[in-house]
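Novice: Throw the hints in and build the complete structure from the sequences for me.
Numbers 1 to 229, taken from UniProt numbering, label the letters of the sequence shown in order.
Worth flagging that the hints you see were computed from the coordinates, not collected in a lab.
Hints should not be assumed to be uniformly reliable.
As the list claims (entries may be wrong) - 35 Å max Cα-Cα, derived DSBU-like pairs, lysine-lysine:
hint, residue 1, residue 2
1, K228, K5
2, K13, K60
3, K160, K5
4, K72, K13
5, K171, K228
6, K13, K105
7, K111, K60
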Amino acid sequence: MKRLKLLYAEDEKSTREQHIIYLKSRYDFEIYEADDGMQALNLYKEHRPDIVLTDITMPKMNGLEFIQEIRKISHHTKIIMLTAHSESQKLLQAFDADVVNYLVKPINRQKLRASIDTAIQTLPKEAKKDENFFYLNENTYFHMQNYDYFVDSVLVELSKSETLLLHLLCKHTNRELGSYDIFVYVWNDFDKEFSKDSVRTLVKKLRQKLPPGILKNTYGGFYRLYLKE
Numbered sequence: 001m002k003r004l005k006l007l008y009a010e011d012e013k014s015t016r017e018q019h020i021i022y023l024k025s026r027y028d029f030e031i032y033e034a035d036d037g038m039q040a041l042n043l044y045k046e047h048r049p050d051i052v053l054t055d056i057t058m059p060k061m062n063g064l065e066f067i068q069e070i071r072k073i074s075h076h077t078k079i080i081m082l083t084a085h086s087e088s089q090k091l092l093q094a095f096d097a098d099v100v101n102y103l104v105k106p107i108n109r110q111k112l113r114a115s116i117d118t119a120i121q122t123l124p125k126e127a128k129k130d131e132n133f134f135y136l137n138e139n140t141y142f143h144m145q146n147y148d149y150f151v152d153s154v155l156v157e158l159s160k161s162e163t164l165l166l167h168l169l170c171k172h173t174n175r176e177l178g179s180y181d182i183f184v185y186v187w188n189d190f191d192k193e194f195s196k197d198s199v200r201t202l203v204k205k206l207r208q209k210l211p212p213g214i215l216k217n218t219y220g221g222f223y224r225l226y227l228k229e
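Specialist: Next up, the structure:
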């Protein structure tokens, strides 16, 4: 299975390198990098990346001109704009080009990750290659590698314990999980005394953030996800 391709156009080398290290730690992308708009366009034409991250202000060709050239070739490529500007006119031009999001520098990594995950999910079906997304329903999904939970493409904050519980449930959708299994996985603290009440409280908190009726109790104090086909 081929990997998703990402092109990152940014003329500030140190910034670009830092974010590429982060992206490689989070995603299994083929990453191409450019330090000016013309190089970015040439790389785009050669490799046809699925996702483009591009700064607005670049030499030789600015980011807005670059994405206009992309749109002459494809309307399927997902574009995320990076900008140090807050001028509404420039941002409106970017949205006219149908971008996924714009991120104001310095880039918040949580927002960057959320934007990329949204881009992946809105790719045409034939282009989607990331199998790390676990769907709870059509609009709700959990990223098994990044431990991110999304509802309608919006990142929903979970506590560490809630995140671990959801990860465990998604890994084992075909089996019922007992309170002790959950306790050991979530707390992983041999000094903490096993408590069914702690598990029940955690399940209750997570259930409030999941689609209705998806997290069920079964006979004997077990829990599992029930997904619609």
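Novice: Please work out if K72 and K13 have their alpha carbons no farther apart than 35 Å.
Specialist: 28 Å, holds
Novice: Hint check: K160 vs K5, CA-CA at most 35 Å. Holds or violated?
Specialist: 31 Å, holds
Novice: CA of K111 to CA of K60, is that 35 Å or under?
Specialist: It holds: about 28 Å lies between the C-alpha atoms, which stays within 35 Å.
Novice: Within a Cα-Cα threshold of 35 Å, do K228 and K5 meet the stated pairing?
Specialist: 31 Å, holds
Novice: With the threshold set at 35 Å, check whether the alpha-carbon distance from K13 to K105 stays at or below it.
Specialist: Within the cut-off at roughly 14 Å; holds.
Novice: Starting from K171, check that the Cα of K228 is at most 35 Å away, please.
Specialist: Since the Cα atoms of K171 and K228 sit roughly 16 Å apart, the hinted pair holds (cutoff 35 Å).
Novice: Would you mind confirming whether the straight-line C-alpha gap from K13 to K60 stays at or under 35 Å?
Specialist: Holds, because 16 Å separates the two Cα atoms, which is no more than 35 Å.
The structure fails none of the hints (numbered hints given earlier).
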